[in-house]
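Asker: Same order as they appear, the protein sequences are chains A and B.
If you count the first sequence from 1, you need to add 1312 to reach our numbering.
If you count the second sequence from 1, you need to add 1312 to reach our numbering.
Heads up, a few of these hints could be off.
Note: identical chains are not told apart, hence a pair may lie in one copy or across any two.
[Said to hold, decoys possible] Once the Cα atoms are required to be at most 25 Å apart in a straight line, the calculated DSS-like pairs of lysine-lysine come out as:
| id | residue 1 | residue 2 |
| --- | --- | --- |
| 1 | 1555 | 1432 |
| 2 | 1555 | 1337 |
| 3 | 1340 | 1432 |
| 4 | 1406 | 1337 |
| 5 | 1406 | 1344 |
| 6 | 1406 | 1336 |
| 7 | 1406 | 1492 |
| 8 | 1328 | 1555 |
Hints listed in this document are in silico derivations from the structure and should not be mistaken for laboratory results.
Protein chains: 2
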Amino acid sequence: MAERRLITGFSNPAVKYLRSLRDKKHRKAAGKFLAEGLRLLTDARESGRLPEMLVMATGRDPHPLLDALESEVLATGGEVLEMAPDLLAKVTGKDNPQAVAGVFAEFNTSLAAIDRNSAKIWLVAQALRDPGNLGTILRTGDAVGAGGLILIDDCADPFSVEAVRASMGAVFTQRIALAKWQEFLPWLRSGPGQLIAASLREAVDYRGAPYAGPCFIMVGNESRGLPEDYELACDLRVTMPMKGRADSLNAAIAGAVLAYEVLAALE
Amino acid sequence: MAERRLITGFSNPAVKYLRSLRDKKHRKAAGKFLAEGLRLLTDARESGRLPEMLVMATGRDPHPLLDALESEVLATGGEVLEMAPDLLAKVTGKDNPQAVAGVFAEFNTSLAAIDRNSAKIWLVAQALRDPGNLGTILRTGDAVGAGGLILIDDCADPFSVEAVRASMGAVFTQRIALAKWQEFLPWLRSGPGQLIAASLREAVDYRGAPYAGPCFIMVGNESRGLPEDYELACDLRVTMPMKGRADSLNAAIAGAVLAYEVLAALE
Chain A
1313 MAERRLITGF SNPAVKYLRS LRDKKHRKAA GKFLAEGLRL LTDARESGRL
1363 PEMLVMATGR DPHPLLDALE SEVLATGGEV LEMAPDLLAK VTGKDNPQAV
1413 AGVFAEFNTS LAAIDRNSAK IWLVAQALRD PGNLGTILRT GDAVGAGGLI
1463 LIDDCADPFS VEAVRASMGA VFTQRIALAK WQEFLPWLRS GPGQLIAASL
1513 REAVDYRGAP YAGPCFIMVG NESRGLPEDY ELACDLRVTM PMKGRADSLN
1563 AAIAGAVLAY EVLAALE
Chain B
1313 MAERRLITGF SNPAVKYLRS LRDKKHRKAA GKFLAEGLRL LTDARESGRL
1363 PEMLVMATGR DPHPLLDALE SEVLATGGEV LEMAPDLLAK VTGKDNPQAV
1413 AGVFAEFNTS LAAIDRNSAK IWLVAQALRD PGNLGTILRT GDAVGAGGLI
1463 LIDDCADPFS VEAVRASMGA VFTQRIALAK WQEFLPWLRS GPGQLIAASL
1513 REAVDYRGAP YAGPCFIMVG NESRGLPEDY ELACDLRVTM PMKGRADSLN
1563 AAIAGAVLAY EVLAALE
């Protein structure tokens, strides 16, 4: 049976490899991503995802969930590394790293892998730039029982350490697809699906709007919002009260308020 | 009449002063904070807040709103500085700084300055750690027409550059108060006010709950949530659907979904 391997030097190739996964280009080339923390790794395991490589800090507190994780990773042919906390800090880029991190293979992110009838709600984000927002939207999707998140055009990477962290495990429970608008729209129209956006253009009140699942709730870029033609392609444009000086909400907030309204309407 | 002053060196005391405002300790000592970008500064101006010091990048595009801002700052005895974009980048800590930033005097953040009857909704955050979350909650407060945000116990600084930025100008439109729980609760009970939190303890469905303004909607720390005794002190504990594996929402998201529900119920 395979065993733990102790990594002692900063120049060890394993450390370099792990560090490289913080960079999008290297992540894409390797087709892998990093997730950190026992909670996140346990969420992954309970969602049927095991890391290919498990990295543990020396001197960590023992934990039965971590033991279980280690056994399963070794049993499925994965690697288990140990390194000093300061070395693990270099890997995760955090001053106070969690005692454990894992390397996962990226998932299939094609639209074709989405079964739209498996959920009543899907979230769609367009040109979303902030990885924290992206992770928060995944987490919201998990909470409302959405099927997943479809990322349109050039979005932040859902497999970045920041997005994975902000998703609080939802990166493992939500389907994720990446697509250009030109691919997404024909795919959407090839089956049932109501495309919905918050909008000021000929919009109806978001409360009591005629929602019909599967609902695809779309939010736009943090500064520019959705392009006009994307809004016009929606089946339903809804408006939410804006009582203040600003005429907008944070994208993740707007999506969540809408998603909870749709959830209540469809139940 | 006062004139613009050109700042050329990194060692100029004005640059050191401005940079120091990125640090909480120095911000508190000076009683000042930084806001950047013409949009934010225009929001401030329209809310009746002028910077005491205006800092503009040399070579910026001219803009009538910036001209108006400059005139008013000079007319009210404020200072106007110009510096090269790379120097301004050192001040704001951003690689691509906005062409303008301003220094504002911190507002009165005492509970006593809050007129609870001026709004039907107030947001309350306890031990909120993330400045981005804090700014997003301010922005949401603006959108739902809340009176302001009350920060309980040890929260992120609402006057940090990150929080101000994420608030999208709401830091200038929302009242902000800082208080310990031991001060807040007696203050709340000294007048009308329904304290509400999302909770799993003897909670009622958040839809159709008996909301009665002024509603104080409280969210807890990002990882630990609210302390049990804080939850138990609430007049109304409400529960929101959690369909997924995780049993929680991001604090800013939970607060926003609740706030929109309260807004609809009170209208």
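Asker: Does each hint fit the structure? Answer for all of them.
Answerer: Each hint, compared with the structure:
1. Proximity of residue 1555 to residue 1432 under the C-alpha cut-off of 25 Å is restricted to the inter-copy arrangement: shortest distance 12 Å between copies versus 30 Å within a copy.
2. For the identical chains of this complex, residue 1555 and residue 1337 are neighbours neither inside a copy (42 Å) nor across copies (34 Å), given an alpha-carbon limit of 25 Å.
3. When the C-alpha separation of residue 1340 and residue 1432 is checked against a cutoff of 25 Å, the pair qualifies neither within a copy, at 31 Å, nor between copies, at 49 Å.
4. For the homomeric pair residue 1406 and residue 1337, the shortest alpha-carbon distances inside one copy (20 Å) and between copies (23 Å) are both at most 25 Å.
5. Proximity of residue 1406 and residue 1344 under a CA criterion of 25 Å is satisfied intra-copy only: 19 Å inside one chain copy versus 30 Å between copies.
6. Taking identical chains as interchangeable, the C-alpha atoms of residue 1406 and residue 1336 lie at most 25 Å apart whether they share a chain (17 Å) or sit on different chains (21 Å).
7. In the homo-oligomer, the alpha carbons of residue 1406 and residue 1492 never lie at most 25 Å apart, since the shortest distance is 33 Å inside one protomer and 30 Å across protomers.
8. For the identical chains of this complex, residue 1328 and residue 1555 are neighbours neither inside a copy (51 Å) nor across copies (39 Å), given an alpha-carbon limit of 25 Å.
The structure is inconsistent with the numbered hints 2, 3, 7 and 8, although it conforms to all the rest.
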